[in-house]
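Engineer: The primary structure of each chain is shown beneath.
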Amino acid sequence: MPDAPSDPPADDQVLLVADADGVRLLTLNRPQALNAFNQRLWHAVKDALIDASTRDDIGCVVLTGAGRGFTAGQDLSEMADTSAFAAGEEPGYRALMPVLESFPKPLLAAVNGVGVGIGLTILPHCDIVLMAEGARLKAPFVSLGVTTEASASLLLPATIGWQEAAHLLFTEPWVDAAEAQRLGLAWKVVPDEALLDVTLELARRIGAMPVPSLVATKTLMLAARVEAVKAARAREDAEFERLVGSPANQAALEAFFG
Amino acid sequence: MPDAPSDPPADDQVLLVADADGVRLLTLNRPQALNAFNQRLWHAVKDALIDASTRDDIGCVVLTGAGRGFTAGQDLSEMADTSAFAAGEEPGYRALMPVLESFPKPLLAAVNGVGVGIGLTILPHCDIVLMAEGARLKAPFVSLGVTTEASASLLLPATIGWQEAAHLLFTEPWVDAAEAQRLGLAWKVVPDEALLDVTLELARRIGAMPVPSLVATKTLMLAARVEAVKAARAREDAEFERLVGSPANQAALEAFFG
Amino acid sequence: MPDAPSDPPADDQVLLVADADGVRLLTLNRPQALNAFNQRLWHAVKDALIDASTRDDIGCVVLTGAGRGFTAGQDLSEMADTSAFAAGEEPGYRALMPVLESFPKPLLAAVNGVGVGIGLTILPHCDIVLMAEGARLKAPFVSLGVTTEASASLLLPATIGWQEAAHLLFTEPWVDAAEAQRLGLAWKVVPDEALLDVTLELARRIGAMPVPSLVATKTLMLAARVEAVKAARAREDAEFERLVGSPANQAALEAFFG
Numbered sequence: 001m002p003d004a005p006s007d008p009p010a011d012d013q014v015l016l017v018a019d020a021d022g023v024r025l026l027t028l029n030r031p032q033a034l035n036a037f038n039q040r041l042w043h044a045v046k047d048a049l050i051d052a053s054t055r056d057d058i059g060c061v062v063l064t065g066a067g068r069g070f071t072a073g074q075d076l077s078e079m080a081d082t083s084a085f086a087a088g089e090e091p092g093y094r095a096l097m098p099v100l101e102s103f104p105k106p107l108l109a110a111v112n113g114v115g116v117g118i119g120l121t122i123l124p125h126c127d128i129v130l131m132a133e134g135a136r137l138k139a140p141f142v143s144l145g146v147t148t149e150a151s152a153s154l155l156l157p158a159t160i161g162w163q164e165a166a167h168l169l170f171t172e173p174w175v176d177a178a179e180a181q182r183l184g185l186a187w188k189v190v191p192d193e194a195l196l197d198v199t200l201e202l203a204r205r206i207g208a209m210p211v212p213s214l215v216a217t218k219t220l221m222l223a224a225r226v227e228a229v230k231a232a233r234a235r236e237d238a239e240f241e242r243l244v245g246s247p248a249n250q251a252a253l254e255a256f257f258g
Numbered sequence: 001m002p003d004a005p006s007d008p009p010a011d012d013q014v015l016l017v018a019d020a021d022g023v024r025l026l027t028l029n030r031p032q033a034l035n036a037f038n039q040r041l042w043h044a045v046k047d048a049l050i051d052a053s054t055r056d057d058i059g060c061v062v063l064t065g066a067g068r069g070f071t072a073g074q075d076l077s078e079m080a081d082t083s084a085f086a087a088g089e090e091p092g093y094r095a096l097m098p099v100l101e102s103f104p105k106p107l108l109a110a111v112n113g114v115g116v117g118i119g120l121t122i123l124p125h126c127d128i129v130l131m132a133e134g135a136r137l138k139a140p141f142v143s144l145g146v147t148t149e150a151s152a153s154l155l156l157p158a159t160i161g162w163q164e165a166a167h168l169l170f171t172e173p174w175v176d177a178a179e180a181q182r183l184g185l186a187w188k189v190v191p192d193e194a195l196l197d198v199t200l201e202l203a204r205r206i207g208a209m210p211v212p213s214l215v216a217t218k219t220l221m222l223a224a225r226v227e228a229v230k231a232a233r234a235r236e237d238a239e240f241e242r243l244v245g246s247p248a249n250q251a252a253l254e255a256f257f258g
Numbered sequence: 001m002p003d004a005p006s007d008p009p010a011d012d013q014v015l016l017v018a019d020a021d022g023v024r025l026l027t028l029n030r031p032q033a034l035n036a037f038n039q040r041l042w043h044a045v046k047d048a049l050i051d052a053s054t055r056d057d058i059g060c061v062v063l064t065g066a067g068r069g070f071t072a073g074q075d076l077s078e079m080a081d082t083s084a085f086a087a088g089e090e091p092g093y094r095a096l097m098p099v100l101e102s103f104p105k106p107l108l109a110a111v112n113g114v115g116v117g118i119g120l121t122i123l124p125h126c127d128i129v130l131m132a133e134g135a136r137l138k139a140p141f142v143s144l145g146v147t148t149e150a151s152a153s154l155l156l157p158a159t160i161g162w163q164e165a166a167h168l169l170f171t172e173p174w175v176d177a178a179e180a181q182r183l184g185l186a187w188k189v190v191p192d193e194a195l196l197d198v199t200l201e202l203a204r205r206i207g208a209m210p211v212p213s214l215v216a217t218k219t220l221m222l223a224a225r226v227e228a229v230k231a232a233r234a235r236e237d238a239e240f241e242r243l244v245g246s247p248a249n250q251a252a253l254e255a256f257f258g
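These protein sequence lines are chains A, B and C, in that order. Sequential numbering of the first sequence, starting at 1, is according to our numbering. Sequential numbering of the second sequence, starting at 1, is according to our numbering. Sequential numbering of the third sequence, starting at 1, is according to our numbering.
By construction, these hints were calculated from the structure, which means they are not laboratory data. Check before you lean on any hint, since a few could be wrong.
Chain copies aren't distinguished; within one or between two, either way the pair holds.
[What the hints assert, rightly or not] Straight-line C-alpha distance at most 20 Å; calculated DMTMM-like pairs for lysine to aspartate or glutamate: (1) Lys188 x Asp176; (2) Lys230 x Glu241; (3) Lys188 x Glu201; (4) Lys188 x Glu172; (5) Lys188 x Glu133.
Using the sequences plus the hints, can you model the full thing?
Structural biologist: Structure below.
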């Protein structure tokens with residue numbers, strides 16, 4: 001498993017993993033790319049979550065980003081390379097999502113900066129989202145000629161209501177932290193410099209609870225929606241593949257890459 | 001198809017249809033009856049939606065009402081005529097609803113005035129609802145001795161929460177625009193005179209997006225709920241038919257018509 | 001049925017039942033135990049609801065508590081007695097829940113004081129919740145080494161949103177009345193001394209509506225969720241039984257009883 005966080009040299013770690021006080025902190029660590037998800041990062045997050053789910057001493061996981069971004073979403077250079085979909089190998093996104101959809105422990109997000117695409121659509125998979133005052137979110141699927149991912153077609157209406165979800169997906173506004181809280185995408189807004197401390201303090205309080213009861217409770221919450229989430233993602237994947245490479249998608253990517 | 005909007009003489013059009021800039025504007029046009037739905041109007045809206053779904057140049061549809069009402073709901077004179085249900089012909093309501101439940105493009109409502117019955121219960125089928133400051137809504141099913149329609153038994157709790165839905169259905173308050181926005185029935189409140197311009201401006205921004213991606217996204221959102229919506233409506237239809245003509249329903253209609 | 005409310009002597013009634021003006025008022029009446037649910041109380045509430053569902057003259061039911069508590073939840077002395085689960089007899093909780101999940105008439109709660117455990121998780125089964133300014137709520141399942149009950153794993157996210165539900169279940173804060181209203185657990189906050197009057201006035205307005213239409217509407221609302229609610233409770237029951245008597249649960253109960 002060459003992508004495991006401990007394997008590459010330290011200056012090449014796409015994901016930082018730090019365990020303390022019952023909490024695992026995962027830091028997306030491609031700051032030069034605003035932590036965009038490339039294949040290695042998808043798999044590194046997946047592996048770190050699977051490992052966390054088996055550890056008796058970890059009761060809560062926190063996800064954040066290094067540098068000024070949370071995550072810029074799927075690496076567009078890989079989206080442009082449609083051969084990644086055609087080749088039949090499992091894309092990292094498809095490896096991470098089932099793990100995320102069934103992750104059996106409380107998962108918190110500390111949204112430290114810009115979150116685009118999966119940087120927004122991952123939030124309904126997190127149990128409690130804290131957001132830096134200066135952070136902002138955007139879901140540019142329609143304008144890129146594609147459509148939703150990560151079961152956002154189900155989870156976004158469930159989280160922020162149908163009308164706000166429609167507005168967000170059909171007009172693609174930047175959502176600042178205050179608006180994210182008003183919508184219910186974020187649970188709490190925190191001054192930028194305090195974000196990680198506040199999130200970790202909350203995570204430690206959760207991590208101190210009896211872990212079997214945390215696991216039972218989180219698993220029960222997920223059980224009520226997981227089949228619908230998987231079905232939504234399967235529908236989305238089919239539409240996404242159909243639209244990737246379409247004229248509108250090609251034009252958008254060409255405009256992006258110049 | 002004698003009810004198609006282009007067929008009747010201009011002074012007899014129950015629905016006005018205007019296409020421009022990627023947007024189809026549908027105006028319910030029975031102002032003398034506060035745009036109550038009679039058989040012709042149900043079918044005219046259905047036909048205009050079906051046609052809009054096939055038009056590559058239309059990315060968004062707006063529904064509004066002519067005059068001072070949005071819609072007063074089902075025409076009560078037809079509800080009183082229970083033979084319409086007994087005769088076996090497809091009532092217009094049952095023709096429109098499946099089209100609405102699966103309408104594959106963004107649908108906006110500009111609630112210009114009073115919305116009663118379906119004038120309220122149609123709103124959870126719209127993706128974004130803008131409401132004039134002076135408009136107001138009401139769902140008088142229980143007091144009329146009948147029950148919910150248009151899958152409101154499912155979609156009203158989903159849209160405004162169980163408790164607000166229960167309060168609205170069991171006590172039948174008038175809901176003004178500010179309250180409709182607070183509840184989540186309306187996305188935005190707009191001064192009466194600006195309502196249509198503001199709604200059309202939003203619709204044009206949506207209509208300028210790649211239509212295949214709009215269709216894929218709206219269709220994915222609907223796919224997550226459409227079976228539940230259809231099942232709810234089937235249950236409602238059965239209860240409605242059972243209660244139409246019941247003593248409470250007859251007494252209410254007699255009181256209404258004097 | 002020795003637990004029926006009319007059987008025990010008046011000074012031993014665990015549930016007070018009063019019918020007037022189309023409304024049945026149920027008062028949990030173990031004030032010395034903050035109205036904790038023992039076996040007799042579970043069955044008494046169940047019986048009173050079943051009876052109310054068959055009475056043509058009752059259109060609405062109100063649930064409240066005697067004294068300074070709403071309900072302290074499941075009687076912990078019975079939770080500690082794991083033989084109650086092992087013996088195979090139907091625990092009162094399992095007798096009440098199916099009745100509550102399908103109760104066909106509007107059910108209001110007047111939360112007069114502290115609500116713990118089922119005192120919180122029963123609220124999403126009530127249609128409209130009014131709460132005294134001085135009341136407060138808490139869901140201590142995880143810290144007791146067990147997990148959710150009463151389908152809270154489904155209904156709490158549905159009622160207050162996933163993130164607030166996660167925060168409430170994983171950190172177990174006291175929720176005061178203003179916060180309960182903000183979350184959507186309570187529909188309205190009322191001064192303590194006015195709570196019952198305000199609730200009964202609302203209940204009488206509902207009870208004056210045509211009862212067959214109230215029943216049809218409430219039943220339609222429930223039909224959209226009842227299978228999911230039952231499935232969630234079945235999953236919870238299995239987890240609860242697995243965790244009762246676990247080291248974390250035993251330690252918590254020993255700490256509680258000293």
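Engineer: Look at each hint and say if it fits the structure.
Structural biologist: Results for each hint:
| no. | hint | result |
| --- | --- | --- |
| 1 | Lys188 x Asp176 | both (12 Å within a copy, 18 Å between copies) |
| 2 | Lys230 x Glu241 | within (17 Å within a copy, 28 Å between copies) |
| 3 | Lys188 x Glu201 | within (14 Å within a copy, 32 Å between copies) |
| 4 | Lys188 x Glu172 | between (22 Å within a copy, 17 Å between copies) |
| 5 | Lys188 x Glu133 | within (10 Å within a copy, 25 Å between copies) |
Hint compliance for this structure: no hint is broken.
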